[in-house]
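Student: Each chain, written out:
2 protein chains.
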Amino acid sequence: MVNAGNANITGKRVKIKAKGRIFEGIAMPSTTDSFVLKLNNGYNVGFFEYELLEVKDVKKMEETQELLKNPELPTVKIISTGGTIASKVDYNTGAVTSQFTAEEIVGDVPEVAEVCNIDATLLYNILSENMKVQHWKKLAREVYSALKDYEGVIITHGTDTMAYTASALAFMISTPKPVVLVGAQRSSDRPSSDAAMNLTCSAVTAISDLGEVVVVMHATTSDDYCYVHRGVKVRKCHTSRRDAFRSINFTPLGKIDYSTRQIEWFVKDRFKRGERELELRDKMEENCILIKFFPGLKPDILDYYYDRGYRGFVIEGTGLGHVSTDWIDTLRRICEDCVVVMTSQCLWGRVCDRVYDTGRYLLKAGVIEGEDMLPEVALVKLMWLLGNYDIEDAKKLVKENLVGEITKSTRYWEFEFE
Amino acid sequence: MVNAGNANITGKRVKIKAKGRIFEGIAMPSTTDSFVLKLNNGYNVGFFEYELLEVKDVKKMEETQELLKNPELPTVKIISTGGTIASKVDYNTGAVTSQFTAEEIVGDVPEVAEVCNIDATLLYNILSENMKVQHWKKLAREVYSALKDYEGVIITHGTDTMAYTASALAFMISTPKPVVLVGAQRSSDRPSSDAAMNLTCSAVTAISDLGEVVVVMHATTSDDYCYVHRGVKVRKCHTSRRDAFRSINFTPLGKIDYSTRQIEWFVKDRFKRGERELELRDKMEENCILIKFFPGLKPDILDYYYDRGYRGFVIEGTGLGHVSTDWIDTLRRICEDCVVVMTSQCLWGRVCDRVYDTGRYLLKAGVIEGEDMLPEVALVKLMWLLGNYDIEDAKKLVKENLVGEITKSTRYWEFEFE
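So the protein lines, in turn, are chains A and B.
Per the working numbering: the first sequence = residues 1 to 418.
Per the working numbering: the second sequence = residues 419 to 836.
Among the hints, erroneous ones may be present.
[As the list claims (entries may be wrong)] A few chain A residues facing chain B, derived, Cβ under 10 Å:
(1) Ile22
(2) Phe23
(3) Glu129
(4) Arg235
(5) Thr239
[Unchecked claim] Away from chain B, derived, C-beta distances all over 12 Å, residues of chain A:
(6) Thr159
(7) Trp265
(8) Asp393
[Claimed, not checked] Stretch by stretch, here's where chain A covers chain B in the computed footprint (C-beta under 8 Å, at least three residues):
(9) 435-443
(10) 810-820
The set of hints was computed from the structure by calculation and includes no laboratory data.
These numbers were taken from a predicted model, which means no experiment stands behind them.
Think of the CB as a built atom: it goes at the ideal place given N, C-alpha and C, for glycine as much as any other residue.
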């Protein structure tokens, strides 16, 4: 028997016998007396007594790639952009770093190789709060290019702005194949990491019969299944929980069982593989603004952005879509050559400005009801519309459902709010 | 038998016999062949055949007041500020109006008189999106004054900004008695109106052993019970549903059964009646701003408000509390003589800027973590702090729990998000 806490095999792939069973995984650094093994399922387990059966170096990138190729399986492209799913503890310094390439992620989650072959590209290595419109554009071109050759595309992404990027891609790329954004709330070294399950389920989604941009993340706090969220209907709703992502004003498109890798679809009228022609329209008008209204906020903020050339405004109003009536005059003036979309800070529910006086004045001023769109989605849509259409066409198109961002029927609404 | 659709008794209080039972209520206008009766429980019921037993004029305001006084019951003050709960259909024009005084509301919901006596004041008749800081101040003084003489205070309020007003009152008034904000998502003439149940449950709350500012609204889509939400932990989360109000990062304080009028408390460490001394501190610094961050938003918006003399900033960042790293320099500069609080657009969960590099840079720049406060609550708190303290004291107090707005323990967190 080897003594616990033995550190000279840290970072190696090992096979051990403990508690009468065989365990395989990567030996992790430990600050206690226990020996910590990162199992292939992503969990870290501590042992005080164990028998060391085998020690191997972790596979090199090329070997991993070679190993993964299986002629029976389709091949998926993974584009890595950074974020927690791409971070792990540096064994030398102990700090969390983002020096992890897509190939290494796959080396860490061998289950993915049972689902599909992988080609990987490291496009960015940034935290997602630093994503900007130019990043979306370059990413869209990379995804567009990959969609020509691969069965589907997976984008590993920081969770902070993943929903914004998902919306941007949904508008920029008409896709006949799955485009799957996936992230992790806890880095892959932590015992509670969600990286392995999320990545495996994203691979299952990437080879499915889907033809749209989706977000695949933990559905519950357990490692049981992931939800497939429509990219233009999803939102990060918790700062730290693994099940932080929620479909708003819509049901998730489906769920993926982690153990069986089976998909159960909830929504029949999702975009299917091959349904749309592959097309890229990557122009975006960056000068659009989202303003959250609160009691007492003065309308001069509209003038500030108008005077700087902004022509796209999304307002996150109260309730059914309201702002103070002292905003009406300014709104009427800017509506002449701007698109102003009203959404609700309630997030759930539909904007309807025909019920109360304030709303009717807003409509008369030229403000457009954002229907049941999330404020963030309305903003990204407006950036895309103003990049590709003139003001008048943008005004018409912003309230039309283009890629699933507006749900006319309310039959899916009740599901997630309960 | 009287023919259906008979309109000459519209607006009168009637007793009828139909379907073998006796019904009492107010005859409503009907556009169909049926005769519509508004029952005392708030529901409208249609009858095609009925026998008219009795017709009375609706009681005048003074008579209603006289009738309500019961020496056995405590007396509660209702302050009406407008909103849907104070609106009903004008029988002459058919339009929804807000010409309804608090006395008339009580006349419409006779169950309230079984709970407590009522004195009523019409303070405002405005839609709540038009509430401003000066309205909060005047309301706080009115509530403060009423708390001296009454068992509790009820404020009828539009739902759009009710949570903002609740927060403002929670900081401005140290109360030894219940201060209950109540509203309705559907006006009291509609068959699905939530006004009667919400008002009745608010009366039960107003005479309870509570000593804090709360919001009482429908807990579910049924007419079964209301939740008592802590005023600084609640948010309107749906544009139209009757159960739109949700406690975030906290459980509701309790629930009130509509049929039995019994309260069940969920939270032991709520403020109790008599626990705090009555005190009013109604100063507020209006020049505070809430900014919702999104990918690509430039930091010049901070300078715009700084240059106009604003010294209170609440940022609704991404995830654990992040903005783009190109904001850091501007933030460092304004943090020298401003209070900058970071909250999360996730809404659920706690801000923690010690996990990732961006967050650590923000903290070093002087940004203060908003803990688990809602962005709206952090904004109102900052207005109050800067109205009553200097910058340095405000910086210390903003991250301290003053009236229940910050929950240090996470034991209540999981409840509502599930």
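Student: Each hint should be assessed against the structure and marked as holding or not.
Tutor: Results for each hint:
Of the supplied interface hints, the one on A:Ile22 is violated, with its beta-carbon coming no nearer than about 35 Å to a beta-carbon of chain B, more than 10 Å. Among the interface hints, the one on A:Phe23 is violated; its C-beta lies about 29 Å from the nearest C-beta in chain B, farther than the 10 Å criterion. With its C-beta approaching chain B no nearer than about 4 Å, A:Glu129 sits inside the 10 Å limit, and its interface hint holds. Using the Cβ-Cβ criterion of 10 Å, the hint placing A:Arg235 at the interface with chain B is satisfied: the shortest such distance is roughly 8 Å.
Taking 10 Å as the C-beta cut-off, the interface hint given for A:Thr239 holds, the closest approach to chain B being about 3 Å. Separation of A:Thr159 from chain B is inadequate, the least Cβ-Cβ distance of about 6 Å not exceeding the 12 Å criterion. Chain B leaves A:Trp265 outside its interface by the beta-carbon criterion, the shortest separation being 24 Å against a cut-off of 12 Å. The beta carbon of A:Asp393 sits about 23 Å from the closest Cβ of chain B, which is more than 12 Å, so the claim that it is off the interface holds.
Residues of the region 435-443 of chain B with a Cβ under 8 Å from some Cβ of chain A number 0, which does not satisfy the need for three, so the listed coverage is violated. Evaluation of the coverage hint for the region 810-820 of chain B: breached, as 0 residues show C-beta separations to chain A shorter than 8 Å, against a requirement of three.
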